[in-house]
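Starting from the structure of chain A, add chain B where the hints point.
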Amino acid sequence: MARDVLIDLQHITKVFPPDTVALADVSVSFESGEIHALVGENGAGKSTLMKVFYGLERRDAGDIFFRGAKVEFRTPREAIAAGIGMVHQEILLIPEYTVWQNIVLGAEPVSAFGTIDVHRAREAVRQKIEEFQFNLDPDTLVGDISVAARQKVEILKLLYRNVSVLVLDEPTAVLTPQEIPQLFTELARLRDKGHTIIFISHRLDEVLTLSDRVTVMRRGKIVGTSAASKLTKEDLARQMVGREVLFTSRRQPQEPGEIVFRAQGLNCSDTEHRARLHDANVEVRAGEIVGVAGVEGNGQFELVNAIMGLVPMTSGTLEVKGKDITHADILTRRTLIAFVPQDRGKMGASLAASILEDAIMTHHILDPRFRTWKGLGLNYRHAAEFVDQIRDQFAVNMGHLSDPFHSLSGGNQQKVILGRELLLETPFVLMDQPTRGLDVGSIEYVHQLLLALRSKKRAVLLISADLDELFMVADRIVVMCQGDVVADLATDATNGEEVGYYMLGGKKDAAHAETDS
Amino acid sequence: MNVLFGLVSAMVVGATPILLAAIGGTFTFYAGIFNIAMEGMMLVGAFCAVLGSFFLHSWFLGVLCAIAGALIMAGIFILFAVKLHTDEFLTGIALNLFAVGLTTFLLRDIFHVKGAFTDAGIRAIPSVKLPLIDGIPFLGRLLSGYNLIVYVAVLATVLSAFVIFRTRFGLRLRAAGYNAVCLNSSGVPASMIRIWSLIVCAVCCGLAGAYLSLGYVRLFAENMSAGRGWISLAAVILVSGNPWGIAVISLLFGFFDGLTVFLQGSRIPTQFTAMIPYVATLGSLYLYSVRKKRRQA
Numbered sequence: 001m002a003r004d005v006l007i008d009l010q011h012i013t014k015v016f017p018p019d020t021v022a023l024a025d026v027s028v029s030f031e032s033g034e035i036h037a038l039v040g041e042n043g044a045g046k047s048t049l050m051k052v053f054y055g056l057e058r059r060d061a062g063d064i065f066f067r068g069a070k071v072e073f074r075t076p077r078e079a080i081a082a083g084i085g086m087v088h089q090e091i092l093l094i095p096e097y098t099v100w101q102n103i104v105l106g107a108e109p110v111s112a113f114g115t116i117d118v119h120r121a122r123e124a125v126r127q128k129i130e131e132f133q134f135n136l137d138p139d140t141l142v143g144d145i146s147v148a149a150r151q152k153v154e155i156l157k158l159l160y161r162n163v164s165v166l167v168l169d170e171p172t173a174v175l176t177p178q179e180i181p182q183l184f185t186e187l188a189r190l191r192d193k194g195h196t197i198i199f200i201s202h203r204l205d206e207v208l209t210l211s212d213r214v215t216v217m218r219r220g221k222i223v224g225t226s227a228a229s230k231l232t233k234e235d236l237a238r239q240m241v242g243r244e245v246l247f248t249s250r251r252q253p254q255e256p257g258e259i260v261f262r263a264q265g266l267n268c269s270d271t272e273h274r275a276r277l278h279d280a281n282v283e284v285r286a287g288e289i290v291g292v293a294g295v296e297g298n299g300q301f302e303l304v305n306a307i308m309g310l311v312p313m314t315s316g317t318l319e320v321k322g323k324d325i326t327h328a329d330i331l332t333r334r335t336l337i338a339f340v341p342q343d344r345g346k347m348g349a350s351l352a353a354s355i356l357e358d359a360i361m362t363h364h365i366l367d368p369r370f371r372t373w374k375g376l377g378l379n380y381r382h383a384a385e386f387v388d389q390i391r392d393q394f395a396v397n398m399g400h401l402s403d404p405f406h407s408l409s410g411g412n413q414q415k416v417i418l419g420r421e422l423l424l425e426t427p428f429v430l431m432d433q434p435t436r437g438l439d440v441g442s443i444e445y446v447h448q449l450l451l452a453l454r455s456k457k458r459a460v461l462l463i464s465a466d467l468d469e470l471f472m473v474a475d476r477i478v479v480m481c482q483g484d485v486v487a488d489l490a491t492d493a494t495n496g497e498e499v500g501y502y503m504l505g506g507k508k509d510a511a512h513a514e515t516d517s
Numbered sequence: 001m002n003v004l005f006g007l008v009s010a011m012v013v014g015a016t017p018i019l020l021a022a023i024g025g026t027f028t029f030y031a032g033i034f035n036i037a038m039e040g041m042m043l044v045g046a047f048c049a050v051l052g053s054f055f056l057h058s059w060f061l062g063v064l065c066a067i068a069g070a071l072i073m074a075g076i077f078i079l080f081a082v083k084l085h086t087d088e089f090l091t092g093i094a095l096n097l098f099a100v101g102l103t104t105f106l107l108r109d110i111f112h113v114k115g116a117f118t119d120a121g122i123r124a125i126p127s128v129k130l131p132l133i134d135g136i137p138f139l140g141r142l143l144s145g146y147n148l149i150v151y152v153a154v155l156a157t158v159l160s161a162f163v164i165f166r167t168r169f170g171l172r173l174r175a176a177g178y179n180a181v182c183l184n185s186s187g188v189p190a191s192m193i194r195i196w197s198l199i200v201c202a203v204c205c206g207l208a209g210a211y212l213s214l215g216y217v218r219l220f221a222e223n224m225s226a227g228r229g230w231i232s233l234a235a236v237i238l239v240s241g242n243p244w245g246i247a248v249i250s251l252l253f254g255f256f257d258g259l260t261v262f263l264q265g266s267r268i269p270t271q272f273t274a275m276i277p278y279v280a281t282l283g284s285l286y287l288y289s290v291r292k293k294r295r296q297a
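Listed in order, the protein sequences are those of chains A and B. Quick note on numbering: our numbering labels position 411 of the first sequence as 411, and the sequence is numbered without any gaps. Quick note on numbering: our numbering labels position 242 of the second sequence as 242, and the sequence is numbered without any gaps.
Please note: incorrect hints may appear among the correct ones.
Stated by the list, open to error - Sample of chain B residues at the chain A side, in silico, Cβ under 8 Å:
(1) Arg168
(2) Cys182
(3) Ser185
What the hints assert, rightly or not - Ranges between beta-carbon positions, derived for each pair:
(4) A:Arg189 <-> B:Val181: 24 to 32 Å
(5) A:Ala173 <-> B:Leu282: 29 to 37 Å
(6) A:His278 <-> B:Thr86: 50 to 58 Å
(7) A:Asp137 <-> B:Gly75: 41 to 49 Å
(8) A:Val147 <-> B:Gln271: 56 to 64 Å
(9) B:Thr118 <-> A:Arg74: 52 to 60 Å
(10) B:Val181 <-> A:His278: 54 to 62 Å
(11) A:Thr75 <-> B:Ile136: 33 to 41 Å
(12) A:Thr20 <-> B:Phe89: 31 to 39 Å
(13) B:Thr86 <-> A:Arg189: 47 to 55 Å
(14) B:Phe89 <-> A:Leu401: 31 to 39 Å
(15) A:Ala275 <-> B:Phe34: 40 to 48 Å
Keep in mind that the hints were calculated from the coordinates and are not lab data. Every residue gets a Cβ at the ideal spot worked out from N, C-alpha and C, and that includes glycine.
So that you can see chain A by itself, here it is in the shape it has in the complex (with noise of 0.2 Å):
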């Protein structure tokens, strides 16, 4: 099929004050009534190229055409009004205003006195609902509707404004998997009608399913465009990261030793006193790597917060090493469990602390050494060391000790954390989520580390919403759905139909029907 070139951009040049080149030197043209993937790693430079385009950026060199003339964007409002629209990755909305009027704001019908002609609004809202088949109510408020929804009424405030261009930045990293497929056919829809879309992602099998041509970037250059049918996942892996990238599972055989982590009859209750959590049991031996699968919130959230402490349970045993800890506190869970949580910026972390706080929490509490003047004092030099030793065993990319946590990539503020959880050299290891929004290198290293730590003899419980990744690292999959462990099976005799089946709810009777394996 020949498609006109819509947008084309030249010799682009990016360059972020002192010195670090963004973009170098890039061409890449989009065609109109296409759907048009832009990849690669965390940093590549693919939001910051499209935030050239749209005017959100300021560029040092090149050229931007669009329908054959050279344009130039200085607000976003300029690049709407000729027909371009961009939708964030973070979800730019008011939950206090109904869905009508969160599309509407900035332009709006008025009639007399300035007041807005509500009818007329709503009704164009509901017309382009109704076009666009997105299955939305206009007088809900956002506040009470899914993510998913408000990524739609956020592509809806750009129809409204009538863009013909669609650029949207990692629309899926908001999204449970449940939610993609239907985003993925609304797109596909839009497409169909006309409209051109540039989608900006580093998950390689949503770029291969959704997208009909697909550019690569590295480092702030373009590696190649291709037609999304002649690549494979490797292709493209290969491309963006610059070598092979292993996506096989390479888990030795090995036998589980003793147990490790045991959780008997664990109940548990939410602040709306719902219960979130029935008699759950889980077990973990010595080298042996749990998967708990689930569609997110059904109980996982509980499981994890009840392990560590930070909700009470309503009853139910904890168990690490032998050593009861149910009644423990937070401090004293920590000497036995290192702990990854899903949120990196919240609860893994401090954003706006320096490398070497985040790098030393919890280890200047445990550990003497990183007290001075009979534990007034913080041990630098102890500390500064530390973080060394972070650095080299856990190949952290990164600028002075000093500088702000969120001056890291998220991989490498994940190594961080990864580096000081397992120095805590614990039994138990609890990953909840652990390569949640990294890039395709940084979740393979994750995947090496977790089986590195499974032939070191330590117990791991993996949470995980990527059932691939289950496959490929766990011993066992434990699925939780509703609150219930409803399935305890050995990944090498299951496949991901049978976990699909139980975290929809299917066989709940079968529970805890394997408990070892």
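Frame of chain A, contents of chain B only:
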């Protein structure tokens, strides 16, 4: 019966400046500005009202001067807090302290008096007898015959509820407070909306100030706003900016303020009765938070 009319009248008189300042404050509240400068704007307004009324021999020009004075204060606030992004709280404190110092200094410099300036040459804002209603026996005495600014305050309340909840400006105003980045990305600069909200606030505070010095009494006294700007801030925050709620709180405060005047004749020391409105404010804060806690549980 006379006691009742007296109390109602005292309540309305006490409520008016608070209501006006709070209605101004509600605009900045919705725009997402932590504006505590109502006190200073009101005080400068009160001084400028006397200045204009005395020298220009017209209460109307006095009121205009009051609004102009408050607008200058708002201009300073806009320059610092909106344009230069200084801290809103610190800017507000600075403006309030500046207002006390400036008006005291000018009072001594221009009128050569200490404490208070009063003169027969100061023209007061007239009272208004409402047509039709004035003729009705009971209602007329209850509702008619107040100072012009009282009716302006009522009008401002109704108008503000309409503007904030029904108009395009209102939608954008509230959006600026809820999520300024969202408003910006929708193509409306949030800073422009904030500037307009401060201008509206200054007009309201100017009127409140003019009422203090040309309506309530006919003089200017040092620091005569006496914390009413702060009470109005409390009213705004207490009801999360709802204009009708502000009206109720203002009347409540006015009632206790009126009660103070009534009790002055009794044996209770005046310093003690003067505390009543402020104790009432604390009391309502307490009741409000208890109720809120119960609702959440």
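Hints, one by one, checked against the model:
no.: 1; hint: Arg168; in the structure: holds (5 Å)
no.: 2; hint: Cys182; in the structure: holds (4 Å)
no.: 3; hint: Ser185; in the structure: holds (6 Å)
no.: 4; hint: A:Arg189 <-> B:Val181: 24 to 32 Å; in the structure: holds (29 Å)
no.: 5; hint: A:Ala173 <-> B:Leu282: 29 to 37 Å; in the structure: violated (47 Å)
no.: 6; hint: A:His278 <-> B:Thr86: 50 to 58 Å; in the structure: holds (54 Å)
no.: 7; hint: A:Asp137 <-> B:Gly75: 41 to 49 Å; in the structure: holds (44 Å)
no.: 8; hint: A:Val147 <-> B:Gln271: 56 to 64 Å; in the structure: holds (58 Å)
no.: 9; hint: B:Thr118 <-> A:Arg74: 52 to 60 Å; in the structure: holds (57 Å)
no.: 10; hint: B:Val181 <-> A:His278: 54 to 62 Å; in the structure: violated (41 Å)
no.: 11; hint: A:Thr75 <-> B:Ile136: 33 to 41 Å; in the structure: violated (59 Å)
no.: 12; hint: A:Thr20 <-> B:Phe89: 31 to 39 Å; in the structure: holds (36 Å)
no.: 13; hint: B:Thr86 <-> A:Arg189: 47 to 55 Å; in the structure: holds (49 Å)
no.: 14; hint: B:Phe89 <-> A:Leu401: 31 to 39 Å; in the structure: holds (34 Å)
no.: 15; hint: A:Ala275 <-> B:Phe34: 40 to 48 Å; in the structure: holds (41 Å)
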